[in-house]
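Heads up: the sequence lines are chains A and B, in that order. Numbered per my numbering, the first sequence spans residues 1 to 762. Numbered per my numbering, the second sequence spans residues 1 to 401.
Treat the hints with care, as some may be off.
[To be verified] Listed next, the stretches of chain A that the computed footprint assigns to chain B, with coverage defined by at least 3 CB atoms under 8 Å from CB atoms of chain B:
#, stretch
1, 28 to 40
2, 127 to 135
3, 162 to 168
4, 417 to 425
5, 657 to 670
[Said to hold, decoys possible] With a straight-line cut-off of 27 Å between C-alpha atoms, the simulated BS3-like cross-links for lysine-lysine are:
#, chain 1, residue 1, chain 2, residue 2
6, B, K118, A, K204
7, B, K304, A, K27
8, A, K122, B, K118
I should point out that these hints are in silico values taken from the structure, not numbers from a laboratory. This one's a predicted model, so the numbers in the text were calculated from it and none came from an experiment. Positions of the beta carbon are idealized from the N, C-alpha and C atoms, including for glycine.
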Amino acid sequence: MELYYNPEQMPAAEIKQTFVGREVMLKELLALVRRQPQGVGVQHVVLVGARGMGKTTMLLMLRFAALEGDLHQIWQTVRFPEESYAITDLADFWLATIGHLAYETGDMELAARGDALRNDYKASVDLAGAALATLRDWSSQHGKRLLLLIDNLDMVLNQINNTRENARLRDALMNDGTFMLVGGAASFFHEARAYDQPLYNFFKIWHLDALEGGQIDQLLLKRAEADKRTDFERQLKQNEARIKVLHYFTGGNPRLVLMLYRIIASSDLIDVRRGLEKLLDEVTPYYKAKIESLPPQQRKILDHIARVSARTGSGLTPTEIAAETRLPVNQVTSQLKRLSGLGYVRAANVRARSSWYSLAEPLYAIWHQMRFGRESRERMAWLVEFLKAWYSSREMLDETERLAVRFAELMRVGEKALAAETLDYRQILVDAMDARFKGSATDRLVSDYLDAGNMDRARALVRSDGLTQLRSRTLQRLTEGGLIAARQSDAEVSRRLQWVDRLRATPDPEALADVLNPGGLPVHEFPKLWFIHAVGLHRLGRNEEALEDLDMYIRLASEDADEGLLRASILFRLSRFREVVSVLTRHADELASDTTAQVLLALSAATLGDFDRAIAIGEAALPRQEDPNLRKILEVLIMSQPCGRAHVVQFTLLVSLGPLAEARTLWDEKVRAILPAAQIVRIFRSLINGKTLRFLRTLISESNLDEELLPLVVAMDYLETGDRAPLEKLSAEIRPIAEEIVAELQKKLPAVAERSTHATHA
Amino acid sequence: MPCNFVGPPVRGADCYGREAFVDLVWEKLSFGHVVLASPRRFGKTSVMYRLIDAPRWDYRLVHCDLEHFLEPADLLTALVVQLSRDDVLSKIASALSYVPTKAWQGFRANVEEIELHKLKLKLKELIQPRWQTSGEELFDAIARIQETKVVLLLDEFAVMIDAMAHLDAHREDARLLLRWLRHLRQSPRIKNVRFLVAGSIGIGNVLSNLGESASMNDFAHLKLQPFSDAVADQFLLALSESHDVPLSAPVRKKVLDLIGTPVPYFLQIMFWEIERSCKESGIAPTPARVEALYHNTVLGAECKTYFDHYYGRLRDYYDKQDEMAGKTLLRNIANDGELKREACYHLYRKECEGANIERFNCLMANLENDFYVGFDAQKNTYRFSCKLLRDWWLRHYGMEG
């Protein structure tokens with residue numbers, strides 16, 4: 001079980017199992033412990049990182065490694081707890097060390113000696129000296145040096161707050177080899193960075209950086225292993241985009257990553273919201289403490305950055321901050337540098353003179369928004385941003401529909417309060433959804449607000465989102481309910497009719513892709529518009545979007561042959577041949593006579609290597625409808641089979657249609673070995689075009705065929721670079737062949753030809 | 001082979017590249033007293049330890065860290081304890097009237113630290129009410145062993161005096177101590193004692209504030225300088241071997257070009273970042289990667305704290321007018337690379353009302369002593385003492401108006 005705030009309470013095995021991203025650092029730390037000199041000159045260390053970055057875990061891991069390896073013969077670890085509130089002077093510090101040492105070693109006599117010192121020495125300085133002497137004696141008697149592991153060292157020194165005591169501490173650490181101190185701190189604290197302080201730059205600083213994406217994966221996998229969750233790796237692969245979201249919102253902070261993931265990974269949307277709110281509630285004391293420890297001017301500046309970045313998601317310059325906070329720019333600059341040093345903000349000014357400052361923890365911006373946002377909608381804006389990043393619009397649409405069904409059920413059984421809650425969540429989802437998909441959700445939400453009697457919310461939604469996505473029936477209900485005037489409804493209807501007229505006037509799909517706008521008509525009321533839009537997008541080469549439109553179409557209408565054929569064409573263009581076969585097979589009967597469908601099917605099957613099927617398709621289709629393309633394909637396929645050249649044909653299809661990666665694999669595994677040079681030349685000459693020139697050239701080169709295919713190679717290089725020199729160096733025998741290839745290919749590659757012609761003339 | 005210890009003093013092989021300076025210190029100690037000056041983290045204490053670890057001739061060295069001392073009795077107690085631990089000098093301590101035999105035996109023998117602590121407390125109690133007399137007796141005892149030269153290495157002496165000077169209860173004691181020590185040094189009978197005083201804050205300012213500028217005018221001032229380029233290159237090579245981080249000649253050259261003046265501490269910081277980057281990425285450093293690391297990390301927010309005190313010191317140690325003038329001058333020098341002395345004075349006068357040449361000279365001297373700038377007498381210009389410092393200043397404070 002993960003204990004986010006008390007990792008030291010977790011079992012050692014679990015801590016080790018989930019230790020991620022700091023392995024190199026741990027190794028280096030151990031190496032440093034090993035090479036410490038015997039006496040004077042011990043290197044002391046501070047690990048600097050924001051809360052939740054893993055300082056405590058790092059110290060625990062160091063302790064485990066020191067106890068379990070050979071180091072325990074030389075070093076005795078002394079671990080301080082995460083908070084040491086009782087330490088207010090150096091005497092307390094050394095007495096605490098005695099106490100923790102006695103506890104770790106079970107040395108009751110040492111503990112008793114520590115207690116006795118308090119009675120023997122009244123003056124703090126003398127008591128500190130005596131406690132230090134006691135520790136040195138213990139070290140000497142046991143032949144072990146003391147490895148002090150002190151969490152929140154900055155807090156301890158801040159509590160001591162005495163330069164002279166720090167000087168004594170430095171004296172003990174510097175001029176005596178008894179101790180090595182490894183501390184944790186949230187920032188590079190004053191005592192270590194101020195020139196006039198005894199501990200100035202005394203420690204070697206290691207920064208615990210935020211986890212990278214790959215490390216977040218590892219952390220989650222290891223956590224899942226510790227929780228005995230199987231099949232987690234598959235889930236992780238399916239959620240790559242969400243890992244990026246986690247990274248952004250948590251700033252790569254391990255604690256926050258685990259907290260957020262646990263909430264989201266196993267929950268449906270309603271629980272996600274509750275879980276996130278719970279998380280934000282849990283971090284409230286932490287953020288409050290962080291902010292309230294700052295002086296007023298810094299608080300004001302931080303508050304402003306949080307407020308603005310929650311809205312805009314971008315950083316601010318000192319000048320911008322100064323203008324809004326009415327503070328002088330130089331003061332703002334100076335405060336920002338302090339805030340940066342303390343880890344509240346981070347500066348981005350790589351090699352530039354200006355600096356942009358943003359929050360070091362984006363989650364703080366969310367917390368700030370939730371806590372200080374003026375209206376409910378502003379307060380929930382953080383959730384909208386989160387949902388946008390986390391879910392696809394399709395997923396949100398599915399969720400709104402599920403919630404709509406739930407609403408209807410709850411209303412039916414009279415649970416109005418619970419029903420109203422689902423409306424709140426749906427509102428957030430609608431806010432988060434992409435404009436292309438939110439129309440039906442908006443319409444249904446308005447309708448359900450009316451059913452729930454929540455006129456204010458319905459009115460507000462209509463005001464903010466307009467009438468364009470509302471069905472006719474909904475418009476009518478709004479008019480009858482007095483939420484909109486009749487003339488508004490009439491104006492909207494009139495506007496829609498004008499849209500339809502424009503559509504009729506410009507039937508060309510390319511034009512429709514520009515003219516048609518989901519914000520113009522309620523496409524959920526006219527599902528066919530999605531189909532028309534998809535046609536337009538496909539013709540414009542925007543095939544992924546076209547597929548999305550088709551998905552919406554069948555959501556609102558149902559699959560039909562036209563949709564199937566269009567989908568197959570789009571998939572074919574995307575080189576997704578298996579799906580082409582699957583789609584066309586579903587509509588086999590309806591499209592049996594459609595030659596386009598049969599060509600697509602045959603080519604897809606052949607590209608997948610299923611020549612038997614491809615031939616069967618051709619032979620079945622041609623008697624129904626003669627088609628020269630299909631006939632040609634069938635002939636080629638039939639001819640290739642007996643000679644074992646099926647792979648060659650498949651290769652040529654893959655190069656022509658894609659994907660090139662599969663073409664390369666087939667070349668390496670099957671085709672290269674069976675083709676003589678002359679045939680390679682012939683086939684490559686037929687395949688070369690603007691897209692394939694570089695790919696084929698690379699294949700030749702990686703197959704060490706440059707010498708064998710010299711004329712072709714020189715011709716290809718000339719076409720690519722325009723450099724005639726290699727061409728002119730060819731022998732009298734070979735040069736004409738190369739020139740012929742160049743002439744042939746130049747007809748197919750006009751852009752390349754132009755470049756090489758220019759180069760020639762130059 | 002040296003290891004990269006950043007911060008603490010180093011001993012043995014880890015104290016690298018200071019042979020010539022150590023020779024100079026010995027030379028100066030052979031006929032006088034020495035003040036060792038340099039900014040913090042330049043290696044003064046390491047040089048002191050080098051003297052202790054490899055003493056020359058018949059000199060015996062006694063080291064004390066005075067940073068947390070507030071009274072002359074603290075100093076004298078520490079001296080007695082240290083003398084007692086020395087095989088040759090212990091007899092001095094044993095002869096002192098205020099050192100009980102038990103105490104002396106305790107310091108000599110291998111008794112428990114806690115017992116030693118009690119003895120030290122007792123000794124200080126005895127010294128406290130009559131520290132001058134006790135001190136006289138101590139130094140008379142040292143003087144009697146004419147054949148042995150004793151070097152007292154007093155680390156952070158200026159910090160101790162400064163701390164005393166800032167407390168009403170101890171201010172007068174600070175003056176007394178300084179004058180008393182001067183009297184000792186001038187005494188014809190105490191010829192076999194040498195003082196080596198080291199401090200990270202300027203002893204001159206401290207004495208001046210106390211009105212005791214003349215109390216240490218018998219010291220030779222030695223300033224710990226950065227490495228030479230050749231030594232710096234060898235240092236980087238040695239670090240690369242001991243830490244198993246391959247630094248080719250072009251990479252080492254790049255490091256030195258980027259840093260400019262080879263201050264050992266800056267070299268260590270740079271090496272540390274290169275080592276970290278190399279071990280985390282598994283990729284050997286190249287000149288291009290080192291340059292990127294320099295600009296993005298060493299000059300960036302992550303390493304800002306290593307150099308921040310250069311900016312903060314102006315606020316903490318200079319008066320308001322000099323602070324503003326200093327920042328203006330440094331910003332201009334950073335932007336322009338170097339600035340003629342006359343131009344500096346002109347800027348200074350614009351910044352400071354009622355400015356005069358003496359104040360300007362004093363400010364520039366302080367900026368030089370504090371390692372901000374260096375003066376080129378041939379060109380009559382000031383420039384930053386170190387390229388890295390200039391780059392850093394330009395990056396973080398180059399635009400301030």
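So, going through the hints one by one against the coordinates:
1. Beta-carbon proximity to chain B at under 8 Å applies to 5 residues in the stretch 28 to 40 of chain A; the threshold of 3 is reached and the given coverage holds.
2. Under the rule that three or more residues need a Cβ within less than 8 Å of chain B, the assignment of the stretch 127 to 135 of chain A holds, with 5 such residues.
3. Here's how the stretch 162 to 168 of chain A fares: 4 of its residues keep a CB closer than 8 Å to some CB of chain B, so the rule of at least three is met and the hint holds.
4. Taking a C-beta to C-beta cut-off of 8 Å, the stretch 417 to 425 of chain A contributes 0 residues in contact with chain B, too few for the three needed, and the coverage statement is violated.
5. Coverage of the stretch 657 to 670 of chain A by chain B is violated. Counting CB-CB distances below 8 Å, 0 residues qualify, and the rule asks for three or more.
6. Restraint check: the Cα-Cα separation between K118/B and K204/A comes to about 34 Å, which exceeds 27 Å; the hinted pair is violated.
7. For the given pair, K304/B sits about 26 Å from K27/A by alpha-carbon distance, which is consistent with the 27 Å threshold.
8. The suggested pairing of K122/A with K118/B holds, with an alpha-carbon distance near 13 Å, which does not exceed 27 Å.
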